[in-house]
Amino acid sequence: MESGGHSMNRVTITAHDVAKDFNRRQIFRDISFSLSLPSSLAITGKNGAGKSTLSKILAGLIGSTRGSITYTLNDKQVGIEKFKHSIGFVSPYLNLYDEFTALENLQLLSRIRATTQQNEGRMKDLLSLVNLWQRRDDLVGTFSSGMKQRLKYAFALLHNPNVLILDEPTSSLDEEGIEFVQRIVRQQKEEGVLIVATNDKEEAGWCAKEIHVGMPER
Amino acid sequence: MKAVKYLSIILVTFVIIAGIAIPMVPEPQSLFEFPIIPGLEDKARNIFFHVPVAWTSVLGFLVALYYGFKYLRTKNLDYDIQSVSSAGLGMMFCLLATVTGSIWAKFNWGSFWNWDPRETSIFILLLIYGAYFALRSALGSDEARARLSAVYAILAGLTAPFFIFIMPRIVGGLHPGAKGDTSGSTPVAQLHMPPNMRFVFFVSLIGFSLLFIWLLNVRIRAARVEHQLSIKDH
Amino acid sequence: MNFIVSTWAIVVKDVRSELRTRYALNALLMFVVTSVATILFALRDDELSPEILSGMFWVVIFFTAMSGLSRIFVSEEERGTTLTLQLVASPSVVYFGKLLFNSGLTLILSSAVTVLYVVVFPAFVIKSPLIFGFTVFLGSLGFASAATIIAAVIAKANTKGTLYPVLSFPILIPLLMTVMKSTARALDGELFTAALGEFQILVSYLLVMTAGSYLLFDYVWKE
Ligand SMILES: Nc1ncnc2c1ncn2[C@@H]1O[C@H](COP(=O)(O)OP(=O)(O)O)[C@@H](O)[C@H]1O
Ligand SMILES: [Mg+2]
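Chains as they are written, first to last, in numbering that gives the first Met the number 0: chain P, 0 to 217; chain S, 0 to 233; chain G, 0 to 222.
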């Protein structure tokens with residue numbers, strides 16, 4: 000249905016003793032795990048514990064201070080630049096362009112990604128899924144925060160990613176929005192790798208495994 | 000480091016005494032007499048202080064660039080401490096070189112600033128140091144500060160070779176050795192000196208370089224302690 | 000192949016964004032007009048030498064560029080789209096896309112300044128068009144190259160606007176000295192061969208800056 004079937008790549012993500020410092024202060028350390036599809040992992044912890052930071056590190060958007068992340072694609076180890084195209088990421092730190100319409104955002108970004116063909120049909124499916132097809136020609140700048148969050152899902156799923164990382168998955172979403180997120184989550188954890196960063200017990204419960212980040216109180 | 004400290008003190012003291020006390024005579028006979036250079040006279044003594052100070056300011060930049068490069072390779076913040084300590088020291092020497100140079104220029108060429116190639120070069124180095132520290136103070140986290148200031152230092156270093164080619168083409172030189180001699184208008188000095196002056200000059204270069212190494216060491220140790228303390232404060 | 004497609008897609012995105020918001024272009028052109036008008040007020044009746052005119056020519060380009068070229072990275076940073084772009088494109092694609100856009104903008108800018116100078120300064124007669132053309136072309140590209148990497152650096156800083164010229168100027172001095180010299184040659188009507196030395200410097204500046212920026216960009220772009 001909505002996600003149009005995953006491409007059949009075998010992927011794994013492995014974290015080896017990952018640690019991150021900001022301003023010489025350790026945010027977290029000794030994060031190690033290995034995920035291969037199908038699997039799901041919840042990243043939990045208090046506000047400021049480093050959930051968003053760890054999800055950005057996993058998506059290859061920022062580096063770790065120590066330790067490393069390795070990715071394999073069809074049993075071959077690949078660098079992040081190659082693996083990036085297998086990752087979909089929804090995050091409060093990942094905004095879309097205000098001066099373009101919803102549809103233009105998807106078109107421009109997938110053209111920059113340049114790995115898959117422009118697929119107008121898929122864009123229509125996804126925009127309908129997140130209930131924005133009627134508003135496809137409106138500027139994103141005029142969207143409410145919930146609508147922007149919906150559009151981020153369409154962007155994240157556009158290229159059929161094997162790995163889906165969701166940071167605060169339901170922030171600003173209404174009931175109907177939460178419902179479609181749950182549908183996406185259900186499908187993703189059966190067919191691919193799902194990582195959810197959240198401090199909500201229920202959302203953490205979507206995942207089979209859980210990892211807790213943060214440093215013990217001093 | 001103790002050895003560096005005492006050696007630098009001894010050498011610089013020697014240069015101060017020798018550079019100021021050795022008389023200048025029209026026809027030098029012994030080792031302890033310098034020739035009078037027409038037009039410069041006693042003002043020539045500045046070469047024992049001004050040129051080594053200017054050299055040290057360049058050295059400070061090169062060392063900062065080197066440690067900045069090492070930071071980018073390793074992401075070890077201790078290299079940033081070394082890099083910024085060196086840049087701070089280099090900037091201080093750069094100011095000293097500018098001041099000693101322009102006072103000397105006032106007496107010799109009649110005005111404090113003449114846009115001679117070497118004056119221009121030291122001015123640009125001063126601008127680079129200023130920009131480097133302005134950038135550092137505008138960055139939020141220690142990691143970003145270390146990373147971006149290292150990048151900037153390397154970019155600035157990339158432009159250095161251009162000055163050596165461009166200066167002589169664009170501006171006429173005034174520095175000693177420049178008149179009718181194109182080599183004098185490059186940013187790098189070419190020296191024609193009698194052996195005893197040359198000896199004092201090179202002792203001074205070594206002395207100031209050692210002084211730089213010792214001061215850098217002190218600064219790095221102080222900066223490390225400061226960071227240890229600020230971590231404890233958290 | 001993908002590399003070229005992606006890079007071009009970034010340029011297309013930025014051009015469309017520019018056409019829609021008109022952020023940089025309008026401000027830049029107004030800046031050119033105001034600064035040339037200021038110079039006209041200051042030097043109304045003076046006979047200007049080629050050296051002064053060529054200096055003024057590049058001063059206007061420098062300050063105008065400093066008011067607009069940082070936009071390319073600052074806007075991504077301000078709107079929080081940096082990570083989005085990072086997710087869909089490799090650093091080198093982003094770098095070359097932004098470099099192409101800024102090069103185009105700088106070429107438009109220097110052409111506009113040229114037209115304006117020819118119109119308002121009777122003494123600004125381009126006696127060697129070939130020298131002038133090469134100088135403006137190579138100079139603009141070198142200028143854009145240095146300005147683009149510095150823009151990427153200052154986009155991460157708190158005080159972006161004032162910092163931009165402060166960081167760019169020392170890096171641009173060799174370029175500015177060279178283009179001023181060879182623009183003066185063009186106004187003096189010298190032979191093309193007289194300016195070959197300057198062209199060599201401009202080409203090597205462009206190559207060194209672009210290669211250096213390309214190698215350093217990963218460190219700037221990715222935290
Ligand atoms: N760019 C940054 N510079 C400095 N500190 C940062 C930066 N990003 C995050 N931090 C710090 O890292 C910690 C973890 O942040 P974050 O990962 O956003 O937490 P969470 O998502 O778990 O609430 C916080 O203390 C935050 O202040
Ligand atoms: Mg968070």
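Everything labelled a hint here was simulated from the structure, so no lab data went into it.
Please note: incorrect hints may appear among the correct ones.
[Stated by the list, open to error] Some, not all, of what chain S presents toward chain P, calculated at C-beta under 10 Å: (1) Glu40; (2) Leu76; (3) Gly139; (4) Ser140; (5) Glu142; (6) Arg220; (7) His226.
[Stated by the list, open to error] Derived BS3-like pairs (lysine-lysine); straight-line CA-CA distance at most 25 Å: (8) Lys231/S to Lys74/S; (9) Lys75/P to Lys200/P; (10) Lys126/G to Lys74/S; (11) Lys159/G to Lys81/P; (12) Lys105/S to Lys81/P; (13) Lys81/P to Lys200/P; (14) Lys147/P to Lys123/P; (15) Lys221/G to Lys159/G; (16) Lys221/G to Lys69/S; (17) Lys42/S to Lys45/P; (18) Lys42/S to Lys1/S.
Owing to the predicted nature of the structure, the values given are computational and were not obtained by experimental measurement.
No residue lacks a Cβ here, since even glycine has one placed at the ideal position from N, Cα and C.
These are the hints, each one checked on the structure:
no., hint, result
1, Glu40, "violated (55 Å)"
2, Leu76, "holds (6 Å)"
3, Gly139, "holds (9 Å)"
4, Ser140, "holds (5 Å)"
5, Glu142, "holds (7 Å)"
6, Arg220, "violated (17 Å)"
7, His226, "holds (7 Å)"
8, Lys231/S to Lys74/S, "holds (22 Å)"
9, Lys75/P to Lys200/P, "violated (35 Å)"
10, Lys126/G to Lys74/S, "violated (53 Å)"
11, Lys159/G to Lys81/P, "violated (33 Å)"
12, Lys105/S to Lys81/P, "violated (62 Å)"
13, Lys81/P to Lys200/P, "violated (34 Å)"
14, Lys147/P to Lys123/P, "holds (16 Å)"
15, Lys221/G to Lys159/G, "holds (18 Å)"
16, Lys221/G to Lys69/S, "holds (17 Å)"
17, Lys42/S to Lys45/P, "violated (69 Å)"
18, Lys42/S to Lys1/S, "violated (34 Å)"
Going down the numbered hints, you'll see the structure goes against 1, 6, 9, 10, 11, 12, 13, 17, 18, while the others check out.
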